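K.L.:
Chain residues, written in single-letter form:
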Amino acid sequence: MTMTQNDRLLLNAYIDGELDPAHVLEFEQRLAEDRPLADERARIEALRGAMRERLPRATASPELRRRVAALARPRPFGIAKQQLAAMAASIMVAFAVGSAATYLAIRGDRGELELLVSSHMRALMASQPVEVASTDRHTVKPWFNGKLPQSPRVIDLAAQGFPLVGGRIDVIGLTPAPTLVYRARQHVISLTALPGSLGARGPLRPIDGYNAVEWTDGSLAYWAVSDLAAPELENFAKAFRAGEAEP
Amino acid sequence: MDRGDSKARFANVVIPHLDDAYSLARWVTGNRADAEDVVQEACLRAFRGISGFTGGNGRAWVLTIVRNAAYDWLRKNRPPAVVHVDDLEAVERMRSADDAPPAGDNPEAALIARANEVKLEAAIASLPAIFRETLVLRDVQGLDYREIATITDVPIGTVMSRLARARRRVIEMLGADR
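Top line first, the protein sequences correspond to chains A and B.
Just so we're aligned: 145 in this note's numbering is position 34 of the first sequence, and the numbers increase by one with no gaps anywhere.
Just so we're aligned: 295 in this note's numbering is position 82 of the second sequence, and the numbers increase by one with no gaps anywhere.
Since the hints were made in silico from the structure, they are not lab data.
Small disclaimer: the values here were computed from a predicted structure and weren't measured.
Please note that a few of the clues may not be correct.
As the list claims (entries may be wrong) - Label pairs and their computed distance ranges (CB to CB):
| id | chain 1 | residue 1 | chain 2 | residue 2 | range |
| --- | --- | --- | --- | --- | --- |
| 1 | A | R316 | B | D357 | 13 to 21 Å |
| 2 | B | G243 | A | R141 | 37 to 45 Å |
| 3 | B | N290 | A | R146 | 32 to 40 Å |
Claimed, not checked - Which residues of chain B face chain A? A few of them, derived with a C-beta cut under 8 Å, are:
| id | residue |
| --- | --- |
| 4 | F223 |
| 5 | W286 |
| 6 | L287 |
| 7 | A326 |
| 8 | Q354 |
No residue lacks a Cβ here, since even glycine has one placed at the ideal position from N, Cα and C.
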């Protein structure tokens, strides 16, 4: 006797307890009479048993668990303790400069801000938030040279309460963007500079609790993203802009 | 929704299912490091989309996001692994016509029951992605047909046929490897 595809579906559903009671009775009668069907049942049950008993339970590693839990913690910078143990708090400044053509292509109403917030959050979840760790801007700035056509202006804001942490390169849309990392108090800020100036625009609404501030300087638009309270983020922006005026 | 709310919801809805999320990602991608990347990306998506979770089955919601993140990963990193579903089902239909199992004293069942971990994993890993995920969701994660249909976004009938075929293929592989 050959087994039809329908028999197979019924058999699997029977084994999985997905048959309704009326069909269960009928099917059990068939199983009692149909040897090939009963044999196939034994094989499937054997497979299920083997999978249940032999396959190791895959569990998320403590490292992965820690990274994911960091998303739900009040302080997103709870991660990367090893590198930054000395820092009670951090600010991350993402400083992105890229090609105007690719940047314009991704630029939307809220689109660019969402990309920046996502980048910021990804960095927070990564095991290491910076690729070059240094509080010295004369170390961080040259690191970008040769990696990107333009290296970002790196400003020392330690005196204002925003010491430098380091830098990395993010990709915003399709644009590789140099990223500077600063710290201050117990919060994290991402400041991103992208080519192009901004038109007049109302205050940015928070996304997932991350505030944003933006301004234009010359041919660059700067974006600060952080879980820091909005007024403090404004202070950071002011300090950064004031810092730029110095040599 | 303010951040405190979304963080609390994320902690309640997503984090309890992290092992399941990782397990599914591990089976789809085939290795630990890629599975971690997929879970991380999925958790970010879940966090961003937590306000869209309307309650109900949190596990199915999380696994749906993980599944989609895993497929995005496959498309990007292993394009050949994502076979067009229609093609695959056609191939399967042709195969299943003549694969009646042998009758007899059923030594195969004993063989399957003794299959060691390595053979079993290899057999499951060799299944095409959509068959593998259906089998894993059912027999590793223990989800019912309706949940699997929701997560993989297909009718229950498709879940049934994928599951039946996945099991048959694994049985053939284990039974043939004497």
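K.L.:
It remains to establish, for every hint, whether it holds in the given structure.
P.N.:
Here is how each hint holds up against the structure:
Roughly 41 Å separates the CB atoms of R316(A) and D357(B), a value that falls outside the hinted 13 to 21 Å. Range check, G243(B) to R141(A): about 38 Å between beta-carbon atoms, so the 37 to 45 Å window is met. Distance hint check for N290(B) and R146(A): the Cβ-Cβ separation is about 46 Å, which falls outside the suggested range of 32 to 40 Å. For F223(B), the suggested interface contact is upheld, since its CB lies about 5 Å from the closest CB of chain A, less than 8 Å.
Proximity of W286(B) to chain A is violated relative to the hint, the smallest CB-CB distance being about 15 Å (cut-off 8 Å). Given hint, L287(B) at the interface with chain A, is violated; its Cβ is 18 Å from that chain's nearest Cβ, farther than 8 Å. With 8 Å as the threshold, the beta carbon of A326(B) comes within range of chain A, its nearest partner Cβ sitting at about 4 Å, so the hint holds. The beta carbon of Q354(B) comes no nearer than 10 Å to any beta carbon in chain A, farther than 8 Å, and the hint placing it at the interface is violated.
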